[in-house]
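Undergrad: Dock chain V against the given chain R, drawing on the hints supplied.
2 protein chains.
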Amino acid sequence: MNQADPQSGIKARVIGVIHTPFAEPAGTPIQAVYGKDIEGRVLLYDPYAAALDDIDGFDRLWLIYWMDRVSGFKPRVLPYRDTKEHGLFATRSPARPNPIGMSAVRLIRRMGAELHVADMDILDGTPLLDIKPYVPSFDSYPGCRAGWFDTCAVDRRVADTRFHEPGSGDHRVQG
Amino acid sequence: MNQADPQSGIKARVIGVIHTPFAEPAGTPIQAVYGKDIEGRVLLYDPYAAALDDIDGFDRLWLIYWMDRVSGFKPRVLPYRDTKEHGLFATRSPARPNPIGMSAVRLIRRMGAELHVADMDILDGTPLLDIKPYVPSFDSYPGCRAGWFDTCAVDRRVADTRFHEPGSGDHRVQG
Chain R
51 MNQADPQSGI KARVIGVIHT PFAEPAGTPI QAVYGKDIEG RVLLYDPYAA
101 ALDDIDGFDR LWLIYWMDRV SGFKPRVLPY RDTKEHGLFA TRSPARPNPI
151 GMSAVRLIRR MGAELHVADM DILDGTPLLD IKPYVPSFDS YPGCRAGWFD
201 TCAVDRRVAD TRFHEPGSGD HRVQG
Chain V
51 MNQADPQSGI KARVIGVIHT PFAEPAGTPI QAVYGKDIEG RVLLYDPYAA
101 ALDDIDGFDR LWLIYWMDRV SGFKPRVLPY RDTKEHGLFA TRSPARPNPI
151 GMSAVRLIRR MGAELHVADM DILDGTPLLD IKPYVPSFDS YPGCRAGWFD
201 TCAVDRRVAD TRFHEPGSGD HRVQG
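Same order as they appear, the protein sequences are chains R and V.
My numbering puts the first residue of the first sequence at 51, with every later residue one more than the last.
My numbering puts the first residue of the second sequence at 51, with every later residue one more than the last.
Worth double-checking, as some hints may not be accurate.
Intra- or inter-copy, both count: the list cannot distinguish identical chains.
Below are the SDA-like pairs computed for lysine to any residue, each with C-alpha atoms no more than 25 Å apart in a straight line [claimed, not checked]:
| hint | residue 1 | residue 2 |
| --- | --- | --- |
| 1 | Lys-61 | Asp-96 |
| 2 | Lys-86 | Arg-207 |
| 3 | Lys-124 | Arg-159 |
| 4 | Lys-61 | Ile-158 |
| 5 | Lys-134 | Arg-159 |
| 6 | Lys-134 | Ile-105 |
| 7 | Lys-86 | Pro-71 |
| 8 | Lys-134 | Asp-103 |
Hints in this document: simulated from the structure, not taken from any laboratory.
Chain R on its own, in the form it takes in the complex:
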């Protein structure tokens, strides 16, 4: 019953929406670290706002979201920061089989059902799936080898349109 199989699907809920200054992929930072101090808002829908209690003590939060405007999955991609193709799972490219994004954003303030955050690398209107507190003892591994990122050929910090070709996406939120 609980065994996964390739034909199965999972139904996730949209629990809120992320508002940022970025209406279009081109020019949007490709990682939170490159969107430093750019501010945004996270609005939680009912009944999820009460679950934000005690979040104020955390410097950073993981936002987990559905990148609903990216194009479809390809096994190999040319990532933003290299001149060579790599396997998709060796990149942070958004055009994944499940376009789940995760950003470690800085928490400025909670106001009721809304979070004021900074370090935005997310498109405006992106559907929210989860929020987790950033806990350094669980999440921080400063010394790891990071494959081709350690010698990456291109110091690119914002997106272009390569993963957001119009009409090629199949990741829209379903009604």
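TA: Then chain V, alone, in the frame of chain R:
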């Protein structure tokens, strides 16, 4: 069209399965850091195996998965490592509105469609949603304040059954 609303749902794909020594929640490590050196395997289904190319150069990977056996969402929970309730989003408790788990596991070896990994905190048979390379410059924030975790009252490292009550889950993989 792309705006999220509370009635909408998202259909995610199961892209593989995670095999670990943990058949039951009780006794399973609650974080990868507490499952140190415990080994497991990640099996990618077709057509996703080709997307693993170049993953060998990374010390760690984020596994993103669907915790299909947890019980339903409650806004406030008593987490494993405290004696006080907290808002769910201020905890790493698995019983989330979307039970999405993320674990920074250690990559031992890739063999075709299979990854041999260590630092397991995941139940056997858990459906896989995504794999991302761990990149310290994106993911590592060693100095952050972590709210109640910084003074947590209970040094618990393995799960019990509190978030996995039989019959209360609604997160099973749908056929």
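Undergrad: Each hint: holds or not?
TA: Okay, the hints, checked on the actual structure:
1. In this assembly of identical chains, the alpha carbons of Lys-61 and Asp-96 lie at most 25 Å apart whether taken from the same copy (18 Å) or from different copies (21 Å).
2. Proximity of Lys-86 to Arg-207 under the C-alpha cut-off of 25 Å is restricted to the intra-copy arrangement: shortest distance 11 Å within a copy versus 34 Å between copies.
3. For the homomeric pair Lys-124 and Arg-159, the shortest alpha-carbon distance between copies (23 Å) is at most 25 Å, but the shortest distance inside one copy (38 Å) is not.
4. Taking the shortest Cα distances, Lys-61 and Ile-158 never come within 25 Å of each other, neither inside one copy (31 Å) nor across copies (32 Å).
5. Taking the shortest Cα distances, Lys-134 and Arg-159 sit within 25 Å of each other only across copies (22 Å), while inside one copy they are farther apart (41 Å).
6. For the identical chains of this complex, Lys-134 and Ile-105 are inter-copy neighbours only, at 14 Å across copies versus 41 Å inside a copy, given an alpha-carbon limit of 25 Å.
7. For a Cα distance limit of 25 Å, the shortest separation of Lys-86 from Pro-71 inside one copy, 13 Å, qualifies, whereas the shortest one across copies, 40 Å, does not.
8. For the homomeric pair Lys-134 and Asp-103, the shortest alpha-carbon distance between copies (12 Å) is at most 25 Å, but the shortest distance inside one copy (45 Å) is not.
Comparing the model with each numbered hint stated earlier shows that hint 4 is the single one that does not hold.
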